[in-house]
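Colleague: For this one, chain A is given, so just place chain B on it according to the hints.
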Amino acid sequence: MNHPLNSMPPAASTTKRLSTQGSPAFARLMRIALAVLLPGFSFGAHAKLNVVATTPDIAAIAQAVGGNLVEITTLARPTEDAHFVDPKPSFVVKLNKADVLLHGGADLESGWLPKLLAGARNRRIAVGAPGNVPCNKGIDMLEVPAALDRSRGDIHAAGNPHYLADPENAKIVAQTIAEAFARLDPGSGAAYQENAGKFIERLDAKLAEWRKLLAPYRGAHMVAYHNSWPYFAWRFELKIDLFLEPKPGIPPSPAHLANVISRMKELGARVILHDPYLNRRTAETVARSAGARVVDVTQYPGGIKGTDGGYIEMMDRVVRAIAEALAEQ
Amino acid sequence: MKILTGWCSALCLSVSTIYAQATNDLNAQLQQLQEQQHRMREQFEQQLREQQAQIDLLKSQLATAQTNELPPAAGPAWDPTQPVRLGSGSAYMDIGLVGTVAIGASTADDIEGGTQPGGHDPNQRGFTFQGAEVNFTGAVDPYFRGNVNVLFSVDSEGESFVELEEGWLETISLPGNLQLRAGQLLTSFGRHNTQHPHQWSFVDAPLANALFLGPDGLRNPGAQISWLAPVPFFAEVSLGVQNSHGETAAPFRSSGHHHGTSEDHLELPFGFRHPDNDRGVGGPGDLLYSPRLAMSFDLTDSQTLLIGASGAFGPNSSGGSGDTMTQIYGVDLYWKWKPATAHGGFPFLSWQTEAILRRYELGRFNWDENGNGLADEGEVVDPDTGLPAVLGRETVTDYGFYSQVLWGFRKGWVAGLRWDCIFGERADYESRGLLLDGAPLGRDPHRRERWRLSPNLTWYPSEFSKLRLQYNYDYHRTLGSDHSVWLQLEFLLGAHAAHSF
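Sequences listed follow chains A and B, in order.
Take the first sequence: its letters are residues 1 to 329, numbered as in our numbering.
Take the second sequence: its letters are residues 1001 to 1501, numbered as in our numbering.
Errors might be hidden in some of the hints.
A short, non-exhaustive set of chain A residues, derived as facing chain B with CB atoms under 8 Å [stated by the list, open to error]:
hint	residue
1	R77
2	T79
3	P87
4	N96
5	S110
6	G111
7	A126
8	G138
9	G249
These are calculated hints, taken from the structure and not from any lab test.
Beta carbons are placed, not taken as given, at the ideal position from N, Cα and C, and that holds for glycine.
In isolation and in its complexed conformation, chain A is listed as follows:
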């Protein structure tokens, strides 16, 4: 501390104005005040990147890429329906401090993120800023509607937003995140790239394993509540094409369920995928009538037991559960 005011002789403390400016206590107070008033200003040279991810799948990949160089906050809980997250005011505070916002970029969060972003007053993550990272960059979106018509239910203009159910897409997202981190923290760019590389390598090895596990069931029909598994189905050549809800966002009616049951029997579909936020009773009733099995799955690490290790651990658990259920047929 070589501030000239600090070397002021003690006699000067008789002058009220100077003493308050010169005392170490005042300097400390000023520092605290500055730290309080100017959040986001990092005083340390190697401050961690403050990352906010909208959903736990993106967060898990970001964690694999960022390692201990980043601090990650996730907004949606792994067990909840990511279409309908409450825009809690505490999220505004989290977004206000963020250096990076990682989001799906495909309207999954359109019901709650825009207002939060507006309230966050953070230009680092404003739409178009380098810190605002839509993770669907470079992803081949499935089911992009040719026409927007809500009589078909709540369809997403940008295509089906559940693209991370395909592990190949997780590789693209890891790259996107590594690039974004490198852009914002160039000093650690190589580390992010290396981490992403390792993640992709691990994922590739697992992917081969998963493919082998699911290969015997190529073309098998399965049931889901909502059309959130088309990417998974495409990757593993499964047919997840029967849905308990008649149209996206429309609750199931008894007539529709009866139809699903007869279609299940016709197509030999014996597995109903069940996400943690759905009504298990509906799935169980249908399963009983159709002689099928309900399998707990999730697309978010932490959504079901044994999946909180990360994206790869989650996918491993899901693939094994599905393969096991299909094997029982």
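Modeller: The following block gives chain B in isolation, referenced to the frame of chain A:
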């Protein structure tokens, strides 16, 4: 012959076996080929992606190297001639329309502005078109966001109205955690006042809001600055400055010459309004100021609390002097529980409460407006002198309160219960035994005790439509009890604006 037959059948059998075998082989080959093709396609795609990723990375590394230290901005620089596209959408502006229709019946005689004091409440027996609200919103450029809400409605006499509910632009990246909004604004006072009719959980506005802030709520041209305090929890401080005149500032300098007995008396409970006070804005003292503090805490992973304190201060148009003030204070609370496994936003439980205190300063007012010194017809008379009454300056205090609980018990279904009440302290002008056309005026019916209990049930067939059935039990100290039943239907077209908490 036997041998020949045997040979023939053996031949046939072997041929068919060979044929079957060949078919099987072919099928197997075909499957193999299909598998190969699928694998090759995947490999090819993967290679492409990896190459693209490498190219992108090299590009970004090159850019980083070129700019030495500073991280480069993503994408090409924005040019003022280019419009800004929103998120992943393809439009420059989101446009949404909400239409609300109600049908119902009531035992009340004075529904519009009386039993239902809100400007967008159901206003008559039979059908009411509560409104068609159009919302335009989007990013103006990298600096501003714009929002306009226009509401079309029809009153009980069939006359159509167009109202500019809101029309403002807001800064996107002001430094220091600040945000500025300017234009036609809903005053940030409590929770209900900043909500548009389609965001309400009941078919009508709470009594306290409709009677103390105005039938259409408090909104006027102005500006608002807000600041997000740098504390670990959500704390937002804001100050609004708006014009205090016009009909959407009813408790302040609402325009027009009104008396307690005029046609508009239902809308404006206090008499003694004078046209001379419609003086526009002559200085800072003619404006309406509205400070607010809102704080929020996550009590648990699935419970959130939002509390707020608001004020609204400005001149009113009571009395002849034009220097009378209205002070409105409010506190609000919103609590919501939603479990970690909620689906489509259900189930949930929420509790919302607001309390409002209004202190309204009445100026001195001489009922002898024509100056003839005689108690003419339609003039309020002092019982002691038999002459037109001269009312002294005084401040009257009114209290209002509502509390509502909503229970989203299954997907798409919400049961609600609201309790509403208002009451006022007896003022001097109510104690003097004033006469109007020979009859005692007594207490001002608009400031008397009144309460309402409203259970309702809402069904959302989808996110874009709803059906709501509500019963209101009204009790009014002067007018007695009334029963009303309203069925409301609402639909949404176009963009669905994001929800606020």
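Colleague: Report the numbers of all earlier hints that the structure fails to satisfy, in ascending order.
Modeller: Violated hints: none at all, because every hint is consistent with the structure.
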